[in-house]
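Undergrad: Order-wise, the sequence lines are chains A and B. Note that the numbering used here has the first sequence beginning at 1, numbered continuously upward. Note that the numbering used here has the second sequence beginning at 1001, numbered continuously upward.
Please note that the accuracy of each hint is not assured.
To be verified - Covered stretches of chain A, as calculated for chain B (at least 3 residues, CB under 8 Å):
| no. | segment |
| --- | --- |
| 1 | 43–50 |
| 2 | 95–106 |
| 3 | 166–173 |
These are computed hints drawn from the structure, not numbers from a lab. Just so you know, these numbers come straight off a predicted model, no measurement behind them. Glycine included, every Cβ here is placed at the ideal spot set by N, Cα and C.
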Amino acid sequence: MIRLQDVRKAYGAVEAVKGVSLEVRPGECFGLLGPNGAGKTTIARMLLCLTQADGGSISLFGQRVTRMPRELYRRIGVVFDSANLYDEITVVGNLQYAAASFGAPRSRVDEVIEQFGLGPHRNKKVRHLSKGLKQRTAIARAIIHNPELIILDEPTTGLDPDVAQEVRGILADLYRSGKTLLLISHIMQEVEQLCSRVAIIKDGRIAVMGSVSELRDQFASELVLKVRGNPKPVLDEAAQLGLRVVHHSGDSAQLAGAPAQVWTALRQLLSRDPDAQGIKEVHAAGPSLEEVYIRVVNGP
Amino acid sequence: MNIVVRSLSLEVTKVFASPTLIVLLLSPVTAAFVIFLLFPDSPSLVNLFLLFNIYIITVMNTSLSIVHERETGTLTAMAVTPLDLRLVLATKAAVSVGFSLLTTLAITYLAARNIPALIEPGRLAVVTGVALMTALLFAAVAVMISTFSATVKQVEQVGTGVIMGLLLVLMLPFDRLPDALQQALSWLPILNARFFLDAVLAPSFSPGPGQWAPIAVNLAIGLALVSAAITWFRAKFLR
């Protein structure tokens, strides 16, 4: 559905995207992860022809695009990191205009209002809506023309956790209904929950790509030891135990090392009366997607 | 066609939904009403009001609307629909030009209390023609300002600067310029103020083919400038 081959983009002397190649298959939810400034949004903008690539090729629906044929936009829905709605216009007004822009039948407006539970808010101006309702309206607008592909650029950024979870529920429903999703995010929980495959972008290049379990397996040569409460005893002995400090802040620490070393450290901690040492929680586990991400992004 | 009507109606709705824009539209007419009431013997104020009315509505309304939409992201949202961005921008310019023509007519009718000849059909047609070509020129200026202004605040600053430039042009002693330069400038939209002066103030003014030729040329120049400015904005926006 989406194919990028050796795509490059520079802004002046700054190379934002340095030869990215990836493929998003029909019906999958593909996650594009990376720190701020890694090039994720530039990739999305190039896909949508909002920015012209300097090199490489981009294909959408099997059609190579440099200047996107306007008709192709009928097959794509986009949700931006901010709602991008007309604040002074009502919810129904925004959706009616979007329907007209995409040439969708007017009946779709009532359908998506029903689908997203916007009925009680249909005649409210967007500026009077909560952030969550705005984002729901934005997603309703993105699918008003029933697109095959939905591109989501940080759709839950800035939302309260409960609202973000609600938005993720909506995205999961869209995925289950057979839509292809390209999810750009730096929220691991969201990507882990929704995406079948993931690419992590670092410095304008794809550092790793695969399914979530493939990525976790790829980094499973090390286990992570998490300590909460008083991590000082284990931090003091980290070097001696052959462990690397991944993260340390106040009352918690994460250390990584070979499985045998992590198990040894865990046994030592447990044998010394953890309660007396002020340790409230300690556990060893394989890397989560977040840990994979941190290692990829902070790695050499 | 449906989408053009919808886009126009959306733009009009946005104007009426925003108190700031309503004030922007009504303030020149209200000010003109007060000034004509207080100074009935100063007809020279009429052309100034007409020019500034068109400037404020066309330049400020169009550029504020475009840059506000770019800031809030709605312009980007429109760029990923089958609509051509040029249509979206042209709609904005068209609505501002339309509003400026309506308020021009309102001011002309107010001024007609003291200069009844203003609403004679021939003279009214010339005033409308001059207002339209001026509005088109200013619409092009508005799109240019939007191209180079990153924020609404910058639009306000640049817009004020351009008003100063306009004042300077109005005060230039064209009669003292070399003949060749006067001849060349007389065909440029920059001299719209003179058309207003002739059409509004000259008691002996009689509408005729002499006025329509430069108006037609300036209308064509205005349209060309607007479409060039819109094409440039789009190219920069999608770079």
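Undergrad: Each hint should be assessed against the structure and marked as holding or not.
TA: Comparing the hints with the structure gives:
1. 43–50: Answer holds; 3 residues pass the 8 Å Cβ test.
2. 95–106: Contact hint for the segment 95–106 of chain A vs chain B: holds, 7 residues under 8 Å.
3. 166–173: violated (count 0)
Comparing the model with each numbered hint stated earlier shows that hint 3 is the single one that does not hold.
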